[in-house]
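Chains as they are written, first to last, in my numbering: chain X, 1 to 109; chain Y, 1001 to 1113.
One or more hints might be untrue.
[To be verified] Which residues of chain Y face chain X? A partial, calculated answer using Cβ under 8 Å:
{"id": "1", "residue": "Tyr1048"}
{"id": "2", "residue": "Gly1051"}
{"id": "3", "residue": "Gly1058"}
{"id": "4", "residue": "Phe1104"}
Everything labelled a hint here was simulated from the structure, so no lab data went into it.
Each residue gets a CB set at the ideal place from its N, CA and C atoms; glycine is no exception.
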Amino acid sequence: DQQVKQNSPSLSVQEGRISILNCDYTNSMFDYFLWYKKYPAEGPTFLISISSIKDKNEDGRFTVFLNKSAKHLSLHIVPSQPGDSAVYFCAARGYALNFGKGTSLLVTP
Amino acid sequence: DAGITQSPRHKVTETGTPVTLRCHQTENHRYMYWYRQDPGHGLRLIHYSYGVKDTDKGEVSDGYSVSRSKTEDFLLTLESATSSQTSVYFCAIRDSEMNTEAFFGQGTRLTVV
């Protein structure tokens, strides 16, 4: 049973606008949540994380929001750029990282 | 970039043959992981290691075994390869319990024919 869910397989956004990627989880014992970015033929690269005791973490254009009561987190990218086009994985830390299925983001000029 | 090398990067093998994939790190990180990535499934944990000779199963461990005889090397073995094991395999490392992020290798594309 998948503990981390990304229900949107794909998302298309215009350059300069906001991209919002969503993630839901089921296990309240997860203590950290992470976002990874993946380009084709490359390994995933770490983007940003948030502790379960916080509700927001910001790093440049990337902000992650955590709503513990809803077991939901989201990644906001503002402004979106064509180079942001990639697959984004949400992950939750247990004894290892548990990943969602990913959301493919396309940022169009 | 974290010092992680996966070998081989690509392999084609026949059904029923044993296959070993290697993950080598130069970071002296304690934790090492093997994941597989498949369309529609994201990244799924196969096995992980929390130290030399200390390994445990992940969610999709059937048909796979691992060994870690040195800190720097984590081997994944497909005992008898099947077509369902055609996938992209990623190794990841993490420094300690206090660190959150894991760093991934470039991946090994395995095709079982």
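Hints, one by one, checked against the model:
1. Nearest Cβ of chain X to the Cβ of Tyr1048 (chain Y): about 5 Å, under the 8 Å cut. The hint holds.
2. The criterion of a C-beta within 8 Å of any C-beta in chain X is not met by Gly1051 (chain Y), whose closest approach is roughly 13 Å, and the hint is violated.
3. About 7 Å separates the beta-carbon of Gly1058 (chain Y) from the nearest beta-carbon of chain X, less than 8 Å, and the hint is met.
4. With its C-beta approaching chain X no nearer than about 4 Å, Phe1104 (chain Y) sits inside the 8 Å limit, and its interface hint holds.
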